[in-house]
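Participant: Build the full structure now, drawing on both the sequences and the hints.
Take the sequence shown: its position 667, counted from the start at 1, is 667 in UniProt numbering, and no numbers get skipped.
Calculated directly from the structure, the hints in this document are not laboratory data.
Any given hint could be a false lead.
[Stated by the list, open to error] Only pairs whose alpha carbons sit at most 27 Å apart, straight line, appear in this in silico DSSO-like list of lysine-lysine:
{"no.": "1", "residue 1": "64", "residue 2": "25"}
{"no.": "2", "residue 1": "43", "residue 2": "21"}
{"no.": "3", "residue 1": "44", "residue 2": "478"}
{"no.": "4", "residue 1": "93", "residue 2": "43"}
{"no.": "5", "residue 1": "600", "residue 2": "541"}
{"no.": "6", "residue 1": "40", "residue 2": "25"}
{"no.": "7", "residue 1": "343", "residue 2": "372"}
Model, not experiment: these values are computed from the prediction.
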Amino acid sequence: SRWCLITSHKLYSSVYDPNEKTFDKLLIANRGEIACRVIKTCKKMGIKTVAIHSDVDANAVHVKMADESVCVGPAPTSKSYLNMDAIMEVIRKTRAQAVSLNVSICCSFLSSLSLQASEGVTFIGPDTHAIQAMGDKIESKLLAKNAKVNTIPGFDGVVKDADEAVRIAREIGYPVMIKASAGGGGKGMRIAWDDEETREGFRFSSQEAASSFGDDRLLIEKFIDNPRHIEIPVLLFQVLADKHGNALWLNERECSIQRRNQKVVEEAPSTFLDPETRRAMGEQAVALAKAVKYSSAGTVEFLVDSSKNFYFLEMNTRLQVEHPVTECITGLDLVQEMIRVAKGYPLRHKQADIPINGWAVECRVYAEDPYKSFGLPSIGKLSQYQEPLHVPSVRVDSGIQQGSDISIYYDPMISKLITYGSNRAEALKRMEEALDNYVIRGVAHNISLLREVIVHPRFVQGDISTKFLPEVYPDGFKGHKLTDLERRELLATAVSLYVAEQLRSQRFLGTPRIPIAKSKRSSWELSVRLGDGIYPVAVSKDGSSFSVEVDGMKLNVTSEWNLASPLLSVTIDGTQRTIQRISRNASGETSIQFLGTVYKLQILTKVAAELSKYMPEKAAEDTSSILRSPMPGTVVAVSVKPGDMVSEGQEICVIEAMKMQNSMIAAKTGKV
1 SRWCLITSHK
11 LYSSVYDPNE
21 KTFDKLLIAN
31 RGEIACRVIK
41 TCKKMGIKTV
51 AIHSDVDANA
61 VHVKMADESV
71 CVGPAPTSKS
81 YLNMDAIMEV
91 IRKTRAQAVS
101 LNVSICCSFL
111 SSLSLQASEG
121 VTFIGPDTHA
131 IQAMGDKIES
141 KLLAKNAKVN
151 TIPGFDGVVK
161 DADEAVRIAR
171 EIGYPVMIKA
181 SAGGGGKGMR
191 IAWDDEETRE
201 GFRFSSQEAA
211 SSFGDDRLLI
221 EKFIDNPRHI
231 EIPVLLFQVL
241 ADKHGNALWL
251 NERECSIQRR
261 NQKVVEEAPS
271 TFLDPETRRA
281 MGEQAVALAK
291 AVKYSSAGTV
301 EFLVDSSKNF
311 YFLEMNTRLQ
321 VEHPVTECIT
331 GLDLVQEMIR
341 VAKGYPLRHK
351 QADIPINGWA
361 VECRVYAEDP
371 YKSFGLPSIG
381 KLSQYQEPLH
391 VPSVRVDSGI
401 QQGSDISIYY
411 DPMISKLITY
421 GSNRAEALKR
431 MEEALDNYVI
441 RGVAHNISLL
451 REVIVHPRFV
461 QGDISTKFLP
471 EVYPDGFKGH
481 KLTDLERREL
491 LATAVSLYVA
501 EQLRSQRFLG
511 TPRIPIAKSK
521 RSSWELSVRL
531 GDGIYPVAVS
541 KDGSSFSVEV
551 DGMKLNVTSE
561 WNLASPLLSV
571 TIDGTQRTIQ
581 RISRNASGET
591 SIQFLGTVYK
601 LQILTKVAAE
611 LSKYMPEKAA
621 EDTSSILRSP
631 MPGTVVAVSV
641 KPGDMVSEGQ
651 EICVIEAMKM
661 QNSMIAAKTG
671 KV
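Facilitator: Right, dumping it as structure tokens:
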């Protein structure tokens, strides 16, 4: 019964037995939100933590949260977070009994770690064999076949060069997916629809794979068109030397909303699966885990077509970014389970104990400009940062704070925003509220895109696939398109803010002064520019409310008008909206975040608006002969030299930003 599910959910959601001894000290070889997540559970379990960090991360949140911290090198990950020798030295120096790793670290590190077993060092995660087998997409696919797991048709060997890639792609039949054998997180992955794209995809995928994973091997398989991306988290424990293991599957996660093969919105459970398909996928996931003698938390990923045929994609031998949604609907602390399993304790639950209790949605909040290819990285300092934790049933997993720097060296993730509800509609409504109440200043962010996705009719109906973004926004994301009513609400809110500020600026606090201004006004005639339109607006004040006439219609706007707060709750004709005023200046220009999207307006008095037509307009800069990078990064290759003639679409250089490589092309024919 539902009562039993809720009772069991409460029973084991955060239970920790202090008599169940695990480790005294754990080293976390990771950074950001996932390092902070591990530290939180360690604190609950009474385990002291050691954080490693690069020199630029000296003041990072995970460093401040840990009991000890040690710098392991400069900013590049290869010289710090993936510096095997330095990390091994920290383990010895701090006498950590266990280590939680960034699984991007190559298996030679695990080999080094196994040498420390005699010193009592335990790895929180699966053993070396499982990581090698599942971390290699070629080997994992062969193992999946042997375990009777459905696999995607393709070439099971290593692709040697671009010519062989073209030959294999032709044999399989276009479109094909080119992917790094040791890859993950969308890196080293390209879709090719013809021979030319296959050659280009081979080049970029191999370079990204070498840069991110130290392994440039690639494989090619059939691209499943219009699929859904569904994951089955797996928790398995091996209890005896005879390899008699216990295994659980913890239901699915829906991860179909993606850009550049990287997930953006996840939820659990999936709207698409029925109990029979869920059970079949779960059983195959467990069968694969048992085939590699897996012993920790891991994730098996599947692609599912419209007929509910499912195909093994890969197995991730680590705690996935989107694990919080699974924790929300099952009540399990996956980090705690990983630590218990690593210490040698048996699983506390059976498959029948695992519920689907409610619904959870996760949005990945990135420092990205969503108006450029659905999200190109942005860097800068978080000048203002406020998480929406005052909204009910909201969880935020982050590794940053106000004043943190978003740099070119690491993933641009700001946080994982999770909402929970008794059903999907409730979880989505809370996510909408949480996104409106999330304050981020100093860097571009993707909140506008996230909000548009979760309120889109297709998403609300569950009609989604990995092609959702390009299908819904074929010309790219442009922000929220205002209806006539929403436009009037925005105009009314903007002018009310403007008048409230004008009135505040006329007040003197403290010593009374001789009035130098005219008696208080009660009505204003204003002109507002929004986009290409100019709208005459009449405003009158009545107590703390404003009556605004726009388009011949009157709207009543009420608020506390706390102009110092980054968030402003406004009621417009009975409809509550949470807005943010991002910026303003003396010329009447203001930027307001409304329904997730930032709109630029200019508010002028009627006289100023009439005079503004005499102001000269600044000519736009002619950039047609300039190639300007759309994002910060590192130039890793230059394909031309001064004096070369280039044609439109020809590659000029390659920019690497946050471990992804991007080809910069000429916008027109000309001479360099």
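Participant: Could you run down the list of hints and mark each one as holding or not?
Facilitator: Outcome of the hint check:
1. 64 with 25: Within the cut-off at roughly 16 Å; holds.
2. 43 with 21: holds, 14 Å
3. 44 with 478: violated, 44 Å
4. 93 with 43: holds, 21 Å
5. 600 with 541: Cα-Cα ~24 Å, so holds.
6. 40 with 25: holds, 14 Å
7. 343 with 372: violated, 46 Å
Violated hints for the displayed structure, listed by number in ascending order: 3 and 7.
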